[in-house]
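**Q** Protein chains in written order, with the numbering used here: chain A, 1 to 480; chain H, 1 to 125.
No lab work stands behind these hints, which were simulated from the structure alone.
Take these hints with a grain of salt, some might be off.
[Said to hold, decoys possible] Derived BS3-like pairs: lysine-lysine, alpha-carbon spacing no greater than 30 Å straight-line:
1) H:Lys63 / A:Lys442
2) A:Lys217 / A:Lys424
3) H:Lys63 / A:Lys378
4) H:Lys11 / A:Lys380
5) A:Lys442 / A:Lys380
6) A:Lys282 / A:Lys304
7) H:Lys63 / A:Lys440
8) H:Lys63 / H:Lys11
9) A:Lys296 / A:Lys282
10) H:Lys63 / A:Lys380
11) A:Lys378 / A:Lys297
12) A:Lys380 / A:Lys282
13) A:Lys449 / A:Lys380
14) A:Lys378 / A:Lys424
15) H:Lys11 / A:Lys378
16) A:Lys449 / A:Lys378
17) A:Lys449 / H:Lys63
18) A:Lys442 / A:Lys424
19) A:Lys296 / A:Lys217
20) A:Lys440 / A:Lys378
21) A:Lys297 / A:Lys282
Quick caveat, the model's predicted, so the values are computed rather than measured.
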Amino acid sequence: MKLLMEKSCEGRSLSLLGPCDVPLVQPSRTREQPPRLPQLSETELSRHYSALARRAHGVNDGFYPLGSCTMKYNPAVNEEAAALRGFTAVHPLQPLHTAAGCLEVLAETEERLCAVTGMDAFTFQPAAGAHGEFTGLLLLKAYHTHRGEGAVRNKILVPDSAHGTNPASAAMAGYQVVNLPSGPDGCVDLEALRRAVGPDTAGLMLTNPNTVGLFDKNILEITRIVHEAGGLCYYDGANLNAVMGVARPGDMGFDVVHLNLHKTFSTPHGGGGPGSGPVGCKAFLEAYLPAPRFEKKDGEWREKPCPETIGRVRGFQGNFLVVVRALTYLLMLGREGVPEAARNAVLNANYMKAGLEDLYPMAYPGLCMHEFVMSLEKLKEETGVTALDVAKALLDEGIHPPTMYFPLIVHEALMVEPTETEPKETLDEAVEALRAIYQKAKEDPAYLKACPHHAQIGRPDEVNAARHPVLRYRPEGEQG
Amino acid sequence: MNFPSELQYSKSHEWVRRQGDTAEIGLTDYAQNELGGIVFVNLPQVGDEVTMGEALGDVESVKSVSDVYSPVSGVVSEVNEALLDTPEAINQDPYGAWLVRVEQVTGSEELLSAQEYEEHIRTEQ
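Same shape as in the complex, but just chain H:
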């Protein structure tokens, strides 16, 4: 399983790509593998406020529906609308298929490095 070292990770299996005061958020390789084939994505709208630790949307696979938790607080500046038609992109390229971009980031939960996240997955099982 692949966990790029330039990204940060949440314990609830989202990745974060920080650039200045914006953050790009997606689902980790581990998350997409556990969910199986993703068939539907429900995303917030541009301008919505997101709060760290609270759901920003949900993803649906054949097995289940799962909330996606926001690792940061801020305002949604961009939504990856292509995922609405091709949710399978999350399975194919989890680190390319970002869900939302958040700006005016005011807070972030304590995020893990790639190495720490791998360790977290091992102990969670």
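So that you can see chain A by itself, here it is in the shape it has in the complex:
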């Protein structure tokens, strides 16, 4: 497919702008050459983007069981709310009293997220999950620093099943990362945790349910061990979808959480973002939250004094319109709907797992939460067909592949998260497709090795792309 720059034809243009009705200003420095912009008609431009959309796979196109990404359907009513003029025509620098509606949205969402997580306050500044992790760790750091232990408590404990962003965020925040091995059941090894904590422990980062789709039943003991050592507990909300409205991180003993509104609370992601990674904390950490914060006194909004804040982590109040969508979702589901969504996410995952486990060995037996991890090690041994080949074969079935080769502690892993927004028929079709792929792998491994046979893009050269990334368009002849 050609790029816009390659389709460009001298002299073609779009007439989107009306005549200029303000005086032209001569800039002090003008560029010597006109910017190199593609010249296209509106028809061509429109067709280009439609063609791109056809080549993509979104939740609107088909099943998207990408583990740990919670690719649930984003209700259209969210978009209606986010398109309201009062939200779209507001400027972040206008006086507070003229933006009261937006501040109400933030306050109402904060109240509801506190109710779901068991936290006492939230900031909406972080732009996405990893940014939330970083912000949350800065809260931990501020806490220890104010207690005079900032320099001593320099280690963050991270289980080996964690998302890669956890150790990366801890390193970014200036911490040493201590890797905690998982027990044979895929959960935190309590003895290893007891050995790892000490006077240098700043905190523990944990995802619960964890990345193998299990709820750590020792969670109260885990957070107690960390607290007794003087550390704090950080909840990575990546997998909150399994327990929202049912179990609260605050009640499990966590002090700080980040949520991914773009996963759990049905706002677009995976190319459709932007994301939003609000961070919540218990009352004793609230003073450190990013400024500015606002409060309503005698019916008037005003800025709260925040002398101990860690400062801004992003401009204004983050990706505000994403928060509008999340609030709409929460209001549409209501108090009964939120836990029902979580229960259905767990039910769907277990339904699919039960339909597959006689062919695809599960990494961990028993009931799962919102996702499950299959290990294709045996299939690879017997037929040479790998997790990658099965993922490629799913493309031919119009199904987005599950997460591959993650978590790292499971070999030849495929991690499946159907979400609650899929009907039984879709789950049945996906189970049938995976079962048929398994049979095919046994009979004709070569066919699987050549998959996909019908997708627009087959097997791009990932290694070459990573070694020699082409990050921007270069006209022919121009040197890098």
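Place chain H on chain A using the hints.
**A** Coordinates of chain H only, in the frame set by chain A:
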């Protein structure tokens, strides 16, 4: 898979070529095959101290990032900087693409012979 008999091997899949009190360290054929196409290598600097059993650097493939553990303790005397630009050399020639040379070697973990290492891989699977 190829495991030259003149080299020694660690259980975490590094090879060691000992010459006097220096040691050359690289990744085994098995390691490069498991990792797949290697796209990035992170190495220590000359003069850095390395400790046996601790990470001396890491390698990144399309699949994952993995630590490289030092099988010996000592001081880094040379770093194979060519690998920074051509990490694929590890895939193409794992025993030619050494990562670091370590001198003043003060200790070493219990290393395996080629035969023992092959046995180790079989039982690990």
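**Q** None of the hints should be skipped; say for each whether it holds.
**A** How the hints compare with the structure:
no.	hint	in the structure
1	H:Lys63 / A:Lys442	holds (25 Å)
2	A:Lys217 / A:Lys424	holds (29 Å)
3	H:Lys63 / A:Lys378	holds (19 Å)
4	H:Lys11 / A:Lys380	holds (23 Å)
5	A:Lys442 / A:Lys380	holds (10 Å)
6	A:Lys282 / A:Lys304	holds (18 Å)
7	H:Lys63 / A:Lys440	holds (25 Å)
8	H:Lys63 / H:Lys11	holds (21 Å)
9	A:Lys296 / A:Lys282	holds (20 Å)
10	H:Lys63 / A:Lys380	holds (16 Å)
11	A:Lys378 / A:Lys297	violated (64 Å)
12	A:Lys380 / A:Lys282	violated (47 Å)
13	A:Lys449 / A:Lys380	holds (11 Å)
14	A:Lys378 / A:Lys424	holds (29 Å)
15	H:Lys11 / A:Lys378	holds (23 Å)
16	A:Lys449 / A:Lys378	holds (16 Å)
17	A:Lys449 / H:Lys63	holds (18 Å)
18	A:Lys442 / A:Lys424	holds (27 Å)
19	A:Lys296 / A:Lys217	violated (40 Å)
20	A:Lys440 / A:Lys378	holds (15 Å)
21	A:Lys297 / A:Lys282	holds (22 Å)
In terms of the numbered hints stated before, the structure departs from hints 11, 12 and 19, listed from lowest to highest.
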